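These protein sequence lines are chains A and B, in that order.
No gaps in the numbering here: position 103 of the first sequence is 104 in this note's numbering, and each next residue is one more.
No gaps in the numbering here: position 314 of the second sequence is 455 in this note's numbering, and each next residue is one more.
Treat the hints loosely; a few may be bogus.
[Claimed, not checked] Think about it this way: if two alpha-carbon atoms lie no more than 25 Å apart in a straight line, the pair counts; the simulated DSS-like pairs of lysine-lysine are:
{"no.": "1", "chain 1": "A", "residue 1": "Lys-243", "chain 2": "B", "residue 2": "Lys-174"}
{"no.": "2", "chain 1": "A", "residue 1": "Lys-238", "chain 2": "B", "residue 2": "Lys-174"}
{"no.": "3", "chain 1": "A", "residue 1": "Lys-452", "chain 2": "B", "residue 2": "Lys-319"}
{"no.": "4", "chain 1": "B", "residue 1": "Lys-470", "chain 2": "A", "residue 2": "Lys-153"}
[Said to hold, decoys possible] Pairwise CB distance ranges, derived in the manner of DEER restraints:
{"no.": "5", "chain 1": "A", "residue 1": "Lys-55", "chain 2": "B", "residue 2": "Lys-568", "range": "21 to 29 Å"}
{"no.": "6", "chain 1": "A", "residue 1": "Gln-419", "chain 2": "B", "residue 2": "Ala-360", "range": "47 to 55 Å"}
{"no.": "7", "chain 1": "B", "residue 1": "Thr-552", "chain 2": "A", "residue 2": "Ala-423", "range": "36 to 44 Å"}
To be clear, the hints were calculated from the coordinates, so they are not data collected in a lab.
Being a predicted model, the structure only gives us computed values, none of them experimental.
Backbone N, C-alpha and C define an ideal beta-carbon position, used for all residues, glycine too.
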Amino acid sequence: MNNKRSALSLVALLLTLCTLQPAFGQKAAPSSIKIPYETYKLPNGLTVLMSVDKTTPTVAVNVWYHVGSKNETAGRTGFAHLFEHVMFTGSGHVPYGTHDKLTEGVGGDNNGSTTNDRTNYYENIPSNYLESALWMEADRMGFLLDTLDFAKLNAQRDIVKNERRQSYDNQPYGRVSEIFSAAMYPKGHPYSWPVIGSMTDLSAASEEDVKAFFRLYYAPNNATIAIVGDFDPGQAKEWVKKYFADLPQGQKVERPNVTLAKLGVSKRLVYEDRVQVPRLYIQWPTVGMKNEDDTPLSVMGSIISGSRTARLTKALVYDSQIASQVFAFQVDNEDVGEFQVVVVPRPGHSLTELENAVDQVIAKFVSEGPTAEELQRAKAGLELGFLRGLESNLGKANQLLDGAVFHGDPGFFSTDYQQTLAVTAADVKRVAAKYLGGNRIVLSVVPKGKKDEASKSTESETVSLLLTGAKGDN
Amino acid sequence: MRRHNPILATCASFVIALATIASLAQQPLDRTKIPPPGPGPVLHVPVWTKTQLSNGATLIVSERHSLPLISFTITFVGGSNQFEPVDKRGIAAMTSSMLTEGTAAKTGDQISDALQLLGTNVNASVGGEEGAIGFVSTSTNFEPTLSILSDMMLNSTFPAEALDRLRGRTLVNLTQAKDQPTVVGAQVFAKVLYGAAHPYGQRATETSIKAITRDDIVAFQKVYYQPGRAIITIVGDTTAAKAKAAVEKGLAGWTKAGDKPAFNYPQLPELQPAKIYLVDKPGAAQSVFNIGLPGPPRNTPDYFALQVMNTILGGQFQSRLNANLREQKGYSYGVNSGFGYGRGPGAFRAGGSIFSAKTNAALIEFMKELKGIGGDRPITDEELQTAKDKLIQGLPARFASVAAISNSITTLALQGLPDDYYQNYAKNVSAITKDDLVRVAKKYIDLSHLAIVIVGDRSAVEAPLKATNIAPITILDLDGNPVSGGGSSSINK
Numbered sequence: 002m003n004n005k006r007s008a009l010s011l012v013a014l015l016l017t018l019c020t021l022q023p024a025f026g027q028k029a030a031p032s033s034i035k036i037p038y039e040t041y042k043l044p045n046g047l048t049v050l051m052s053v054d055k056t057t058p059t060v061a062v063n064v065w066y067h068v069g070s071k072n073e074t075a076g077r078t079g080f081a082h083l084f085e086h087v088m089f090t091g092s093g094h095v096p097y098g099t100h101d102k103l104t105e106g107v108g109g110d111n112n113g114s115t116t117n118d119r120t121n122y123y124e125n126i127p128s129n130y131l132e133s134a135l136w137m138e139a140d141r142m143g144f145l146l147d148t149l150d151f152a153k154l155n156a157q158r159d160i161v162k163n164e165r166r167q168s169y170d171n172q173p174y175g176r177v178s179e180i181f182s183a184a185m186y187p188k189g190h191p192y193s194w195p196v197i198g199s200m201t202d203l204s205a206a207s208e209e210d211v212k213a214f215f216r217l218y219y220a221p222n223n224a225t226i227a228i229v230g231d232f233d234p235g236q237a238k239e240w241v242k243k244y245f246a247d248l249p250q251g252q253k254v255e256r257p258n259v260t261l262a263k264l265g266v267s268k269r270l271v272y273e274d275r276v277q278v279p280r281l282y283i284q285w286p287t288v289g290m291k292n293e294d295d296t297p298l299s300v301m302g303s304i305i306s307g308s309r310t311a312r313l314t315k316a317l318v319y320d321s322q323i324a325s326q327v328f329a330f331q332v333d334n335e336d337v338g339e340f341q342v343v344v345v346p347r348p349g350h351s352l353t354e355l356e357n358a359v360d361q362v363i364a365k366f367v368s369e370g371p372t373a374e375e376l377q378r379a380k381a382g383l384e385l386g387f388l389r390g391l392e393s394n395l396g397k398a399n400q401l402l403d404g405a406v407f408h409g410d411p412g413f414f415s416t417d418y419q420q421t422l423a424v425t426a427a428d429v430k431r432v433a434a435k436y437l438g439g440n441r442i443v444l445s446v447v448p449k450g451k452k453d454e455a456s457k458s459t460e461s462e463t464v465s466l467l468l469t470g471a472k473g474d475n
Numbered sequence: 142m143r144r145h146n147p148i149l150a151t152c153a154s155f156v157i158a159l160a161t162i163a164s165l166a167q168q169p170l171d172r173t174k175i176p177p178p179g180p181g182p183v184l185h186v187p188v189w190t191k192t193q194l195s196n197g198a199t200l201i202v203s204e205r206h207s208l209p210l211i212s213f214t215i216t217f218v219g220g221s222n223q224f225e226p227v228d229k230r231g232i233a234a235m236t237s238s239m240l241t242e243g244t245a246a247k248t249g250d251q252i253s254d255a256l257q258l259l260g261t262n263v264n265a266s267v268g269g270e271e272g273a274i275g276f277v278s279t280s281t282n283f284e285p286t287l288s289i290l291s292d293m294m295l296n297s298t299f300p301a302e303a304l305d306r307l308r309g310r311t312l313v314n315l316t317q318a319k320d321q322p323t324v325v326g327a328q329v330f331a332k333v334l335y336g337a338a339h340p341y342g343q344r345a346t347e348t349s350i351k352a353i354t355r356d357d358i359v360a361f362q363k364v365y366y367q368p369g370r371a372i373i374t375i376v377g378d379t380t381a382a383k384a385k386a387a388v389e390k391g392l393a394g395w396t397k398a399g400d401k402p403a404f405n406y407p408q409l410p411e412l413q414p415a416k417i418y419l420v421d422k423p424g425a426a427q428s429v430f431n432i433g434l435p436g437p438p439r440n441t442p443d444y445f446a447l448q449v450m451n452t453i454l455g456g457q458f459q460s461r462l463n464a465n466l467r468e469q470k471g472y473s474y475g476v477n478s479g480f481g482y483g484r485g486p487g488a489f490r491a492g493g494s495i496f497s498a499k500t501n502a503a504l505i506e507f508m509k510e511l512k513g514i515g516g517d518r519p520i521t522d523e524e525l526q527t528a529k530d531k532l533i534q535g536l537p538a539r540f541a542s543v544a545a546i547s548n549s550i551t552t553l554a555l556q557g558l559p560d561d562y563y564q565n566y567a568k569n570v571s572a573i574t575k576d577d578l579v580r581v582a583k584k585y586i587d588l589s590h591l592a593i594v595i596v597g598d599r600s601a602v603e604a605p606l607k608a609t610n611i612a613p614i615t616i617l618d619l620d621g622n623p624v625s626g627g628g629s630s631s632i633n634k
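If we strip away everything but chain A, and leave its shape as in the complex, we get (with noise of 0.2 Å):
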């Protein structure tokens, strides 16, 4: 329970992930591929997925706003964050309290979690506990403001600077992926600042200021809520026009436009920090998750790193030897991505040495491609991880959400399951050689005091990071 709201760290999920093996398959999509669902949209705008499975006695609420940090302005970040914490703090006719009281407190879990792209607030309650969750849901989103005060804000800021304290502060390189946002992207870019944002903005911050970024962002026509397991859809359906259908529709959200990142030369950064093992990190610019190349790159991610004999992993881990972990992997944003490695070395073993290695065996794969074998390994584990998504009513929902928020089809898992399948060796092959061939960033993280260890580190420029508020700031 100790994590509680937060999914922040981008960074530390991939890096699980790809421990945990990328998943992709080789035979046509199975029976077993689907996830039946309905979808329709109330007049205020609020778009509702629904889908039974009556295995568990239990059912997931989830809702997603399509707000993230790369909706807030540059000087006043953190905003979409901030909310994922004070949605929890009661609303119009919802005490403080309620909402833990009927979810944790009837043997149910809660949760919100923020990106650069959405920011989602779940429930998985006892299914006998859906209508008293879509009460809370359809609170915050229409009468979070009835009780928000300067008092209510500040708490929430301060427990905002601890998480940051804990999730980034005082973590082992947990300055990384904010160092690269800053780096790959252009001051004032949707994507230039970290997604919990600067603790300065959040200070700074007046009530108004937060309070309008709520009014347009988290009305009903930026929402999408699914309802995933055991209940009954008719009942279900009265239950949310019941509370959601008179909420008013907000303003129309514009989006972003946001561009790709274009990184006119490479950079080549050096980051001290309290750690006794270094650590290199390259990054190129990519795409996001809604252009073609998205999925071939995702597969390029799983062939060079993860498993065994994956190109990287072999060549560092099994055979030179000169790395202790290797992973290599596609971030996919709504707008923009990157591709990223992360090399720990082995004693012994300089950030050049391990650069070069890396080097050497991503320019003989972009000349290459990969083996028809090697393509097929990499789409094996797609079935069953798909599958095991299944077992879970939260996985389900954010599946359909996933689609229906950022691909415009609630359906949208099994044309990316297609998509997948689909990928040859010659898509793995443009995308390496268009990508991985281009301007990069190389950041290496060294203990402190110890600038030389960096990669060509005469070369490398020096990051300094103020630490938020280790003293005092509170």
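Use these hints to put chain B onto chain A, whose structure you have.
Quick look at chain B alone, frame taken from chain A:
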């Protein structure tokens, strides 16, 4: 919200019907009314068969046909605490990792490729009191995957070069762990509570990892992976008969040997008067707290009372500790508490990461809550009811996936709990009274003997901690050894 009361449940559906009529009549919705729950769902505990195989292993099969998935796990009773020599700590984990490095028939690369083509992965690990090897696969790929698992478990060749590579990686991991304040906190806490002579206070170190030879690994594999201490759990899209046939074929070479180990732990070191153990982490933005002392084993008759008590104290988001230190005071992103249980004296622990500047204030609040639960702050009816509801109504989630079901069933066999444990769970939790809670809180949260381990920036937190006058301070290094000249301050309580 007492959903187990059938009369109330009927009332609830009546209220729902009324509400529907009201909305049809276009009356304004009264949003201040909390919608009551519907009738509580009937708990369906999965059923399973349990048989003894001729090689001594126990086979448990539970059918679930909703998806074409099968979870397969062999669990071994006893773990590193029972089987590792003290100077070779880490050998169990090392051996389980070595199972992926090649067999008489296949190289490590071939095993990895074959499993990847089957879309799955065989995971092997050994913890303190149990070990496991297993996988989740599609039902189609179940038998071929089982055959690879069997080959790995029984025919591994343990190449020497692979051991050197794994050792190198393990040493890097140990170094990286020292940079993680939460890991350091947990390790030092265990050492302070149990001492170096008790298995609970021991762990793999650089020295022990370097001492492990290939012969040690070969011997450990023979001694440990024996059917006499194994529980084979198969859950999913199969039948008891098919599963048994698959196991008899897949594990045909696994002949009768071994038995369940005794869990004889040495005497605990004598409890020390409450003390603060400060581990210096210069510049740390937060202080990592671990407060506690050795607790009861899993089979304690106080188990249900302890679960309810801890739920109120620190076992959920709305618990007293988190409500106070996070929600009201804003000192932390989250704090909690729990019991370690197990076959021996697992620890009671309360803790979390605290904003450095609030280290002293947080300690005062931790102590207040630990004292409060023992009677200073009476437990309310609502606290008691919510804690019971949470535990009882949370049961279905323990059966939500094939892996979760496997884990829930295997735990019973592993901890020696009865087969009807889940059927009786609600009854056992419901029977707990406030008096029970106060009694177990006083008995197991002994305030005068708490070890308070704090990993943080000594220069910033030592003086304020001293000023709280809660307990004397001892300075320890990252390995939990006293720092010379570090016994900074002794204080009268």
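Now for the hints, and whether the structure bears them out:
A C-alpha spacing of about 13 Å is found between Lys-243 of chain A and Lys-174 of chain B, which places the hinted pair at or below 25 Å, so the restraint holds. Restraint check: the Cα-Cα separation between Lys-238 of chain A and Lys-174 of chain B comes to about 19 Å, which is no more than 25 Å; the hinted pair holds. Between the alpha carbons of Lys-452 of chain A and Lys-319 of chain B the distance comes to roughly 20 Å, so the proposed pair stays at or under 25 Å and holds. Annotation: proposed proximity of Lys-470 of chain B to Lys-153 of chain A holds, straight-line Cα distance about 12 Å (limit 25 Å).
Lys-55 of chain A and Lys-568 of chain B have their C-beta atoms about 26 Å apart, which keeps the hinted 21 to 29 Å range intact. Restraint check, Gln-419 of chain A to Ala-360 of chain B: a C-beta distance of roughly 51 Å satisfies the suggested window 47 to 55 Å. At roughly 43 Å, the beta carbons of Thr-552 of chain B and Ala-423 of chain A sit within the given window of 36 to 44 Å.
The structure agrees with every numbered hint stated previously.
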